[in-house]
Amino acid sequence: MSTHQRKRITEMLTNLLKDLGEIGVAIGGDGDMKVSTDSSGGKLEEEFTVARLYISKMKSEVKNLVQRCQGLETFQSDCNKKITEYEKDLADCRLLISQHEARMKTLQESMREAENKKRTLEEDVDALREECAKLKAAEQVHAVSSKEKAEEKEQANKMRVALEVQMDQLRDAHQKQVAALRDEIMEKQASISELKDLNQKYTLAHQQMQQDYERLKQEENDKSNKLQELILTNERREQARKDLKGLEDTVAKELQTLHNLRKLFVQDLQARIKKSVNAEDSEDDGGSLAQKQKISFLENNLDQLTKVHKQLVRDNADLRCELPKLEKRLRATMER
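Here the sequence shown is numbered in the numbering used here, starting from 258 and rising by one per residue.
Some hints here could point you the wrong way.
To be verified - Here are the simulated DSBU-like cross-link-like pairs (lysine-lysine), alpha carbons at most 30 Å apart as the crow flies:
hint, residue 1, residue 2
1, Lys567, Lys499
2, Lys567, Lys531
3, Lys320, Lys483
4, Lys582, Lys502
5, Lys458, Lys345
6, Lys458, Lys338
7, Lys264, Lys564
8, Lys433, Lys362
9, Lys375, Lys391
10, Lys314, Lys480
11, Lys532, Lys520
12, Lys433, Lys415
13, Lys338, Lys275
14, Lys374, Lys391
15, Lys567, Lys520
16, Lys502, Lys314
17, Lys345, Lys474
18, Lys564, Lys499
19, Lys502, Lys445
20, Lys532, Lys320
21, Lys483, Lys585
22, Lys582, Lys499
23, Lys567, Lys320
24, Lys433, Lys375
25, Lys375, Lys362
26, Lys320, Lys549
27, Lys510, Lys264
28, Lys275, Lys520
29, Lys316, Lys532
30, Lys362, Lys374
31, Lys375, Lys483
32, Lys510, Lys567
33, Lys502, Lys531
As the list claims (entries may be wrong) - Computed spacing ranges between beta-carbons, pair by pair:
hint, residue 1, residue 2, range
34, Glu444, Val418, 35 to 45 Å
35, Leu455, Lys374, 19 to 29 Å
36, Gln432, Thr341, 56 to 66 Å
37, Gln568, Glu279, 15 to 25 Å
38, Ile488, Ala528, 51 to 61 Å
39, Met424, Gln464, 50 to 60 Å
40, Ser317, Cys350, 42 to 52 Å
Don't read these hints as lab results, they were simulated from the structure.
All C-beta atoms, glycine included, are put in the ideal place defined by N, C-alpha and C.
Whole structure, please, built from the sequences with the hints as guidance.
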């Protein structure tokens, strides 16, 4: 009866330690946890200590991963806000550039109209000069023939004076128009130069903002990919944590079973001792010695199991005490 119970206890503890080792490797352990089938109390206590270290390491890694995920989510939110602001500024710059381009087209149309006016005026001046030359030639002809006709000469003089006055007026008007057109052309050229400089400035700003936008977009994609990887890793570790929680519950149940078996073992041992005392006179010395050795072996195993149970209870209490401190530290880090 006692040998069967001891084998059963050893098998249960071995299976629990194997499960803990697999969970530790899945979360990020180094996989150096070895399970021994030896039933000695020292080996069991050592393996339970390794299991406790695995549990502490897994909890710390899960908390660090959650903290990193929250930091990356905050950073991604800030990047999204900056990208939205850059996109808005980029749209404003594009609108302003479009407005300046439309204004430049209007100014170019105005310059073409001014050139056409200038050409027309120059053609008018040429026509007037040609007419003036014809009139001078006619005047000379009239001057030759007017030697005999004084009245015609006087009339020709009057016509010449009138033509000169008219030519002066046309010349003054033409000069004023040419001066006004030159001033207007200079103003248009100055405006065009200023708009070209401004357009170049906005073009460079647009290129810079486009480069910044592409860089931020690439960084956001990298961060998103990294965040997705961390989320997947966090989900796997969260699943491992749930499995670990279930395993802890199973360990607690098995420890309770061990405690009950211990009680049954003590009761059975006490009954055997009573039977041994009653039958002491009828048994030989060799049988009494073998029974005492068996009882001593069972008592040693019982003491070792009791030590392991106490150690697990202490480790569980330590973990529960450390959990509020770690949560408080995590909240303080998130607030900073």
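Here's how the hints hold up against the structure:
{"no.": "1", "hint": "Lys567 x Lys499", "verdict": "holds, 25 Å"}
{"no.": "2", "hint": "Lys567 x Lys531", "verdict": "holds, 29 Å"}
{"no.": "3", "hint": "Lys320 x Lys483", "verdict": "holds, 18 Å"}
{"no.": "4", "hint": "Lys582 x Lys502", "verdict": "holds, 19 Å"}
{"no.": "5", "hint": "Lys458 x Lys345", "verdict": "holds, 18 Å"}
{"no.": "6", "hint": "Lys458 x Lys338", "verdict": "holds, 26 Å"}
{"no.": "7", "hint": "Lys264 x Lys564", "verdict": "holds, 18 Å"}
{"no.": "8", "hint": "Lys433 x Lys362", "verdict": "holds, 27 Å"}
{"no.": "9", "hint": "Lys375 x Lys391", "verdict": "holds, 24 Å"}
{"no.": "10", "hint": "Lys314 x Lys480", "verdict": "holds, 27 Å"}
{"no.": "11", "hint": "Lys532 x Lys520", "verdict": "holds, 18 Å"}
{"no.": "12", "hint": "Lys433 x Lys415", "verdict": "holds, 27 Å"}
{"no.": "13", "hint": "Lys338 x Lys275", "verdict": "violated, 48 Å"}
{"no.": "14", "hint": "Lys374 x Lys391", "verdict": "holds, 26 Å"}
{"no.": "15", "hint": "Lys567 x Lys520", "verdict": "holds, 15 Å"}
{"no.": "16", "hint": "Lys502 x Lys314", "verdict": "holds, 14 Å"}
{"no.": "17", "hint": "Lys345 x Lys474", "verdict": "holds, 15 Å"}
{"no.": "18", "hint": "Lys564 x Lys499", "verdict": "holds, 28 Å"}
{"no.": "19", "hint": "Lys502 x Lys445", "verdict": "violated, 81 Å"}
{"no.": "20", "hint": "Lys532 x Lys320", "verdict": "violated, 57 Å"}
{"no.": "21", "hint": "Lys483 x Lys585", "verdict": "holds, 27 Å"}
{"no.": "22", "hint": "Lys582 x Lys499", "verdict": "holds, 21 Å"}
{"no.": "23", "hint": "Lys567 x Lys320", "verdict": "holds, 27 Å"}
{"no.": "24", "hint": "Lys433 x Lys375", "verdict": "holds, 12 Å"}
{"no.": "25", "hint": "Lys375 x Lys362", "verdict": "holds, 20 Å"}
{"no.": "26", "hint": "Lys320 x Lys549", "verdict": "violated, 52 Å"}
{"no.": "27", "hint": "Lys510 x Lys264", "verdict": "holds, 18 Å"}
{"no.": "28", "hint": "Lys275 x Lys520", "verdict": "holds, 27 Å"}
{"no.": "29", "hint": "Lys316 x Lys532", "verdict": "violated, 51 Å"}
{"no.": "30", "hint": "Lys362 x Lys374", "verdict": "holds, 19 Å"}
{"no.": "31", "hint": "Lys375 x Lys483", "verdict": "violated, 68 Å"}
{"no.": "32", "hint": "Lys510 x Lys567", "verdict": "holds, 15 Å"}
{"no.": "33", "hint": "Lys502 x Lys531", "verdict": "violated, 43 Å"}
{"no.": "34", "hint": "Glu444 x Val418: 35 to 45 Å", "verdict": "holds, 39 Å"}
{"no.": "35", "hint": "Leu455 x Lys374: 19 to 29 Å", "verdict": "holds, 28 Å"}
{"no.": "36", "hint": "Gln432 x Thr341: 56 to 66 Å", "verdict": "holds, 59 Å"}
{"no.": "37", "hint": "Gln568 x Glu279: 15 to 25 Å", "verdict": "holds, 22 Å"}
{"no.": "38", "hint": "Ile488 x Ala528: 51 to 61 Å", "verdict": "holds, 59 Å"}
{"no.": "39", "hint": "Met424 x Gln464: 50 to 60 Å", "verdict": "holds, 58 Å"}
{"no.": "40", "hint": "Ser317 x Cys350: 42 to 52 Å", "verdict": "holds, 49 Å"}
Taken one by one, the earlier hints fail for this structure at numbers 13, 19, 20, 26, 29, 31 and 33, listed in ascending order.
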